[in-house]
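Trainee: Chain residues, written in single-letter form:
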Amino acid sequence: MWSYLSKRIIQMPLVLVVVSITIFLIIRLTPGDPIQIMLGMQTSPEAVAALRAEFRLDEPWHMQYIYWVGDLLQGDFGRSIRLNAPVLQLLAERLPVSLALALSAMLFAVVVSIPLGLLAALKRNTWIDYLATGYTLFGFAVPNFALAMILIYVFSITLGWFPITGIGSGASTGQGLWGAIQPYVLPAVALGTLQTAIFTRLLRSSMIDVLNQDYMRTAQAKGLQPLVILLVHALKNAMIPFVTMLAIQFGYLIGIQVTIEHIFAIPGMGSAILSAVVNRDFPVIQGFVLVIATFFMLANILADILYGIIDPRIRY
Amino acid sequence: MPLLTVKNLRTQFSTERGTVRAVDGVSFTLEEGEVMGLVGESGSGKSITALSIMRLIKEPPGKIMADELTFDGVDLLSLSPAQLRDYRTRHIAMIFQDPMRSLNPVLTIGRQITETLRRHLRLSGGDARRRAIELLELVGIPRAEKRLDEYPHQFSGGMRQRVMIAIALSCNPRLLIADEATTALDVTIQAQIIDLVRRLRADLGTAVIWISHDLGLVAGLCDRVSVMYAGRIVESGPVRDVFYRPAHGYTLGLMNCTPRVDDIGHRLKPIDGMPPNLAEPMPLCPFLPRCEKAVEACSVKRPLLETVANGHMAACHADLSDHWRKDKVA
Amino acid sequence: MATQDASSPAATPATYESGTRMALRQLLRNRAAAIGLFGVLLIVLLAIFAPWIIPYDPTAIALSSKLQPPSFAHWLGTDHFGRDVLARMAYGARVSLTVGLSTVAFAALFGVPIGLLAGYVGGQLDNVLMRLMDAFLTFPPLLLGVAIVGLLGADLTTVTLALGIVQIPVLARVVRSSTLVVREETYITATRALGAGAWRLVSQHILRNILSPLVVQITIVFSAAIVAEASLSFLGLGVQPPTPSWGRDLSEARRFMVDAPWLFMAPTGFIIVSVMAINFMGDSLRDALDPRSWVRRAAPTKETADAPADR
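Residue numbers (the numbering used here), protein chains in the order written: chain H, 1 to 316; chain B, 1 to 330; chain S, 1 to 311.
The reader is advised that the hints may include incorrect statements.
[Claimed, not checked] Straight-line C-alpha distance at most 30 angstroms; calculated DSS-like pairs for lysine-lysine:
id	chain 1	residue 1	chain 2	residue 2
1	B	K269	B	K301
2	B	K58	H	K236
3	B	K63	B	K301
4	B	K58	H	K123
5	B	K293	B	K7
6	H	K236	H	K7
7	B	K63	B	K7
8	H	K123	H	K236
9	B	K269	B	K293
10	B	K63	H	K123
11	B	K146	H	K236
12	B	K7	B	K301
[Stated by the list, open to error] Just so you have them, the derived chain S footprint on chain H, three or more residues with Cβ under 8 angstroms:
id	region
13	12 to 20
14	134 to 146
15	150 to 158
16	249 to 258
17	261 to 270
18	277 to 290
[Claimed, not checked] Some chain H residues flagged as far from chain B (calculated, every beta-carbon gap over 12 angstroms):
id	residue
19	F24
20	F55
21	Q64
22	V110
23	M245
Treat the hints as calculated values from the structure; they're not laboratory data. C-beta atoms are modelled at their ideal positions from N, C-alpha and C, and glycine is treated no differently.
With the sequences and hints as input, model every part of the structure.
Mentor: In structure tokens:
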């Protein structure tokens with residue numbers, strides 16, 4: 001297992017190099033000068049040139065890349081051109097927000113999908129199974145921003161239960177714990193519905209698969225209590241793909257928040273990248289994309305580790 | 001009173017193609033300490049008969065009916081699910097066909113053995129573990145103490161089957177149903193298992209239903225044998241009688257396609273054709289289309305189980321005495 | 001065991017031609033497939049025949065009739081410029097379908113050869129190509145789209161490029177794994193022994209065998225592309241106004257959610273319905289093209305858990 005894992009971890013920097021070069025190329029080879037955009041057209045060419053030099057934008061792109069990686073290795077993500085602040089500081093502000101949103105979406109997906117998926121498998125072709133299937137089809141078909149609009153219309157505008165914005169702004173309508181949770185509810189549901197659908201379908205099918213296995217008949221032939229059969233013999237097997245998928249999807253959730261952040265005015269990493277792209281704020285785009293790709297990869301490695309831990313058959 | 005009484009057992013499955021009568025009127029009794037063989041080709045209803053006795057048929061789509069299905073005087077069909085659970089493995093234990101898939105892949109062997117001990121015998125964790133080690137040694141698994149903490153995938157097929165047998169024997173059941181229990185094992189291990197079953201029967205008086213298509217094995221192990229075809233018992237009786245003086249065309253066919261050590265040069269003859277579709281009504285003998293010994297009566301009515309000799313019954317119109325092994329008849 | 005025997009006649013192997021016919025029949029019998037096909041057809045027809053069906057120009061501004069609720073004159077109401085919403089949806093469907101189709105074409109153009117090459121040649125080449133594909137898969141797809149479209153400027157070409165790049169590794173992987181399987185199968189070896197050229201080998205055997213997983217994956221890519229285009233347009237990065245686009249119209253509708261809720265309902269509905277219809281078609285195609293599912297018709301539900309998690 002360790003040799004496999006170390007191989008995966010050694011591969012990580014290589015993949016990150018490919019990712020960062022690609023994003024670097026896209027950024028540098030496209031038209032649009034961040035300094036011009038920031039300073040406007042009236043600024044003197046000298047001032048523009050000075051700033052360009054300060055951000056090393058006058059160097060060829062491969063030199064810029066080498067400088068960037070050199071700084072990165074010393075823990076320096078560079079400075080935002082537009083905000084004139086360290087990218088690292090921006091990351092420190094935005095990353096916790098994105099993590100909190102991803103976690104709350106995950107929590108919603110897990111809390112809904114476990115009972116739904118399991119009950120659908122146990123009570124096949126009953127109303128709960130049809131409900132699970134219907135929800136799954138809907139979840140796979142509705143984009144998160146469209147769902148967010150529906151949720152806002154129903155729960156914020158019509159019913160007035162939840163604020164439209166509020167994460168990171170402190171503008172919550174509730175008090176105490178509920179006040180802290182409240183602004184996360186609609187974004188989490190909108191963001192996590194696709195994951196809920198994925199988990200529900202996965203859990204249902206893996207549970208059905210497990211229930212049809214010969215060892216379930218053995219468990220019955222042993223005269224064990226139904227709850228023991230379900231919780232120990234069935235669930236432990238059915239949870240293996242589920243837990244793995246959990247880790248992978250968490251990695252995804254961090255990277256797909258941009259539309260949700262846009263709608264609910266959440267100051268997360270996605271909206272930071274969006275405005276950085278619009279303003280050609282190169283250091284911010286590079287740094288944030290790299291961090292998100294790293295999270296994605298770590299989530300995949302975590303999935304492999306979890307797989308190895310919960311499934312005794314896996315020995316890397 | 002017999003330990004197990006099965007009278008007119010019918011197990012059916014409703015499918016898209018109609019009702020499949022997998023077991024269609026099986027009757028037999030089993031005494032304490034008796035070993036009965038159940039033979040027949042796959043699809044003949046042997047396993048379904050076993051699963052019906054364990055009440056492990058999923059209902060629906062399955063349905064178990066019987067005029068009588070009693071174990072030690074208790075009606076198995078009227079037991080509540082909770083009562084049924086108290087019988088399974090505790091009193092009636094079963095070894096399944098496929099050792100590769102019958103053990104739970106994510107639980108240790110120890111856990112899978114001890115859970116029956118703790119459930120049925122109320123043993124403590126330590127006692128259950130000690131007993132589990134005994135059981136593994138009993139079925140011939142070396143380094144039992146260490147292997148208890150391993151997972152099924154670390155065991156070979158033969159070793160897994162031994163674990164299955166250890167689980168089945170864990171609570172000293174009074175009836176053991178072994179469904180092709182040794183088919184996956186090589187001959188030497190097979191012999192060890194057979195020896196184990198013999199000892200169990202001698203020491204504990206365990207009754208055994210031994211399901212197999214290996215006639216030689218059944219001949220060596222069992223007191224009596226029942227031959228199943230298309231969901232029915234077509235012939236049953238003492239092992240010697242049935243095998244040396246078969247009274248049903250199907251049994252004769254089975255004998256002819258089984259190699260015999262004592263008869264070198266004997267030509268093996270496979271049975272032509274396919275078993276019948278169990279979803280269709282069978283007004284005549286189900287073996288008729290494949291039978292070489294059919295007589296006129298066969299195309300008129302279905303033969304019923306009738307006594308041929310003392311304790312030997314067969315459902316066949318034909319007279320097969322020409323084929324009897326005269327040399328073996330006492 | 002008895003039930004198996006009873007079903008065995010259905011399992012008799014079919015010839016290639018009757019296999020195709022069987023797949024077709026299976027597809028038609030399936031109600032989900034019919035609904036999916038109907039939905040897709042409806043949207044395609046609406047997109048193609050929009051000028052003849054709908055008597056409004058989707059970009060014609062008529063402030064006198066702005067923000068009207070659905071009526072006989074305007075089935076889905078009008079927006080804040082007085083433009084007919086149904087007309088905008090129909091013309092928006094053109095954008096969605098165009099982007100979906102061209103993304104599929106672009107991704108297939110690169111993904112299929114890469115997958116074939118990696119799977120058939122194998123060895124180091126396979127290793128290098130697939131590691132490269134893995135690297136591309138670590139990009140959050142939408143963010144890559146945001147970066148490319150945001151930087152290159154928004155038009156149909158860049159949107160297609162951005163969405164297509166993300167899908168190349170997806171298709172390459174599917175093609176590679178089916179190629180690997182087919183390559184191992186004995187009849188390929190047999191053909192090789194008969195002296196068939198490598199090209200004939202690849203084109204005939206492998207392509208025929210990877211067709212069904214590829215077709216299924218393509219429907220997934222298609223619906224993912226439609227969602228991604230809508231997302232980009234929603235963020236203001238997709239096609240630019242006044243070109244109608246479901247995502248952009250949805251974004252505009254945010255300002256009028258209280259006064260004119262039909263404005264956000266229309267694009268939401270169109271996106272959900274079209275994606276659902278395509279998904280239905282994809283699921284049914286998978287069932288129909290999978291010969292194993294012909295045998296076990298008793299369980300019509302999809303037991304496979306391949307989640308298109310790339311949104």
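Trainee: Against each hint, give a clear statement of whether it holds in the structure.
Mentor: Going through the hints against the structure:
no., hint, verdict
1, B/K269 x B/K301, "holds, 27 angstroms"
2, B/K58 x H/K236, "holds, 22 angstroms"
3, B/K63 x B/K301, "holds, 27 angstroms"
4, B/K58 x H/K123, "holds, 14 angstroms"
5, B/K293 x B/K7, "holds, 29 angstroms"
6, H/K236 x H/K7, "holds, 28 angstroms"
7, B/K63 x B/K7, "holds, 16 angstroms"
8, H/K123 x H/K236, "holds, 19 angstroms"
9, B/K269 x B/K293, "holds, 14 angstroms"
10, B/K63 x H/K123, "holds, 19 angstroms"
11, B/K146 x H/K236, "holds, 23 angstroms"
12, B/K7 x B/K301, "holds, 22 angstroms"
13, 12 to 20, "holds (count 4)"
14, 134 to 146, "holds (count 9)"
15, 150 to 158, "holds (count 4)"
16, 249 to 258, "holds (count 6)"
17, 261 to 270, "holds (count 3)"
18, 277 to 290, "holds (count 5)"
19, F24, "holds, 45 angstroms"
20, F55, "holds, 55 angstroms"
21, Q64, "holds, 51 angstroms"
22, V110, "holds, 20 angstroms"
23, M245, "holds, 17 angstroms"
Consistency note: the structure conflicts with none of the earlier hints.
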